[in-house]
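Residues per chain, in single letters:
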Amino acid sequence: MGDILKLVGQRLGLGLVILLVISIIIFFMVELLPGDIAQAVLGQGATEENLTALRKEMGLDKPAPVRYLQWLSGAVFLDFGNSIVTGEQVSSVIGQRFMNTLFLAAYAAVISVPVAISLGILVALLRNSIFDRVANVLTLTSISSPEFFLGYILILYFAVKWNMFPAIASLSKDMSFGELLNRTFLPALTLVLVVVAHMMRMTRAAIINLLASPYIEMARLKGVPPLKVIVRHALPNAWAPIINVVALNLAYLITGVVLVEVVFVYPGIGQVLVDAVSKRDFPVVQACCLIFAATFILLNLAADVGAILTNPRLRHPK
Amino acid sequence: MVKDQTMLDRLTAAAKEGSVSRRSFMNYSMAAGVTASAATGLWGTSAKAEPKRGGKFRVAQHDGNTSDQHDPGKYQSNFEISYGHTVRAYLTMINADGTLGPDVASEWSATPDAKEWTFKLNPAATFHSGAKVTAKDILASMNHHRGEGSTSAAKALLASVEDLVDNGDGSVTFKLSAPAADLPWIMPDYHLAIVPANEDGTANWQSGEGCGPYKVVDLEFGVGATFVRHDEWHGEGAWFDEVEYLVINDPNARQTALVTGDVDACSLLENKTLGLLARNPNVEVDNVSSAQCITMPMHMDVAPFDNNDVRLALKYSINREELIEKITFGAATIGNDFHHSPAMPYFPAEIEQRAYDPDKAKFHLKQAGLDSLDVSFSTAESITTGAVDAAILYAEHAKPAGINIKVVREPNDGYWSDVWLVKPWCMVTWGARPTPDVMYTLAYKDDAAWNESHFQNERFNEVLLQAKAELDDVKRAEMYHEMGMISRDEGATVIPYFPNFVYGRRANVKHSGQLSPAWQMDGYRHASRWWFEG
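Taken in sequence, the protein lines are chains S and R. First residue of the first sequence: 73, per the working numbering; consecutive thereafter. First residue of the second sequence: 2, per the working numbering; consecutive thereafter.
Worth flagging that the hints you see were computed from the coordinates, not collected in a lab. Any given hint could be a false lead.
Sample of chain S residues facing chain R (criterion: CB under 7 Å; computed from the structure) [what the hints assert, rightly or not]:
hint, residue
1, Thr-124
2, Ala-125
3, Ser-201
4, Val-337
5, Asp-347
Bear in mind that the values here come from a model prediction, so they are computed numbers and not experimental data. Note that beta-carbon positions come from the ideal geometry of N, C-alpha and C, so glycine has one too.
Looking at chain S on its own, in the form it has when it is part of the complex (with noise of 0.2 Å):
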């Protein structure tokens, strides 16, 4: 168990590094955009002079290294500064939107990892039949069509002609849980739609490549049966990939959702960040920027882990 938790270490260590890294490009690219903030809020009513006392008032005289150091020295003790257009809390900006995008990851997660996981095997074992086939063609149609226009077809069919769910997905406080899965499943879904396809094909890919191992033929000489084999003789030595890329899907459920977000009103931080990049809120777009960026470190470190304690071979390598 040592050496997986002196791999955690170095690794959450590694990752804290990188976080500085994309902070620093992500503020020098927010400064590279063109305009400043003080126009981004003033827009067409921008003059000179309110130009300049906007400038003062939200610190932007200073230049650009100077800013950067004091959001990082506040950082650095998870202070996140105040939105430089509202003069709220980061925290208090983000802190709700992000448990609402938890919340509808969840929710897709919930529902899409286990089907593709058994839609995989399944392929797997009915591997070139009508059903592998059709499968196979529906999630790769879903996987390459823009997660607006799935959206899209799912509002026109789910909400306006068959009126079985609603076709925004805003919250209110009072909602009750039933409510709100109800209210959030177009959404949900669509994301569903959308990573299902990954990890299905990466799962029958893993399992039909050890399928011409020699033990697995063994094991069918042996007359163990087929569904058998899989489950119990091939997934085993299959999961290290399949749990890379339920990783890489978890992260784009948390990070990828924009889209959906606008398209089904659910507020999401997708569009938190989108209006912050348009206005040049720094800190914001570096709060969000850092929490998608530390979902990615954290979820390719659980990837890692967990396919090392699938795999026992994984812990020594050669």
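Position chain R relative to chain S; hints supplied.
Below, chain R alone, put in the same frame as chain S:
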């Protein structure tokens, strides 16, 4: 007795669906031969019912951002403006019929030189906290946009205000450095919301507090807000018990919500689907002529635009009708190269409409000593729906005249800082302004910061200043006629059209039949003016 039964039937139908006001209904029915008392009876019984109280009004609102905020000086998004008219109030308001009416100020008057305006406050006006609106609050609200260090986008509007005085009798006086006959018309500008004063006389905008028709129950910028009626509101209306604004930035999602009945009204419909929406019996579309404007300003001091013949050639080589038909799907009012919309007061309707005429364009090009002309025209997708397509269509119109317009598609980001006022010819969108004076002063006066065409014309500026001091409406109308003619024939701005405000509501949502041209959604006073039928 009734001379024209079909007209009467049409009128009654129009009254039922709320597309005709009570006054026009009376006028037209009497014209059709109905006596006044009979017409009143018709209106009352068979036609539309009077406003009713009650219900929760849910609105899908476009253009709301997480970065929206409470400082009225920085109001910019449509959600903020809608919030301003729902929660806060203004000194005066643009009525549904486009005239100016009282809000927090119940009456106002000027000295004969139009250099001092006194506004008498409505004693009934009350903030949501229960405090009365006093002259001190008005001073704080206005001073917020004035003076050194003000970050307000409305600073220029109040630049001529030299002093603000609390008269101690529930009235305030604006003392101006120059005459401004239009000052009461400036007061409904969405930035000039009335907010409570702090002890030290500064404006307390941070709380979001207002004295408007609805109070906030719940508010999350970029997501939405719920409101309940402010029972002590000083105005008439506020029929809904509760109001909910839902930020839906995606046009498709907004329209779907309206069609499925998830919301009762929806701001900014897409022009290309108007025809389809209008076929839905549960949805009513409101298509309102406005003072918003698409302009194409050329820098008048930069070659080749420094030659009036070149400018005229460009003005003659645009087919405005086709742009309106193909780009706005008919939801626009034609422009005539002067920035004065028919939805503004004093509109000089008798000025002849400029038509598309490649031969005349060629003639003017020849006058300028040119056989052909190559110019670059900057535009960006975010300016207005179909902005780039409109520019390309214009380029096609200009070809037969020997004018080669190179359309430059600029990035949406930073357009207002890097292209507008910088590139010698670009496309611009202007929000609706209440009067021609405000518009001309903002963007056509010789020393205006936003003089986007670098327009310099002595006579124009002279008349503009005269009109500011003229309290006689007939004389002012003549002056705006002259200014219109000068801009049209000597100015440097091509004006293709004034986009309409297009929005929708469920069939059970009613309004007076007249809709304010000031903003979307009845000048964003939908919450206080509309009601649910039965």
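Measuring from the C-beta of Thr-124/S to each C-beta in chain R, is the shortest one below 7 Å?
violated (9 Å)
At a threshold of 7 Å, is the proposed contact between Val-337/S and chain R supported by beta-carbon distances?
holds (5 Å)
Would the hint on Asp-347/S be counted as holding, given a Cβ-Cβ threshold of 7 Å to chain R?
holds (4 Å)
Taking 7 Å as the limit, does the beta-carbon of Ser-201/S come near enough to a beta-carbon in chain R?
Nearest chain R Cβ about 39 Å off; hint violated.
Hint status (Cβ of Ala-125/S to nearest Cβ of chain R, threshold 7 Å)
Since the shortest Cβ distance to chain R is 5 Å, the answer is holds.
Of the hints listed earlier, those the structure fails to meet are numbers 1, 3, in rising order.
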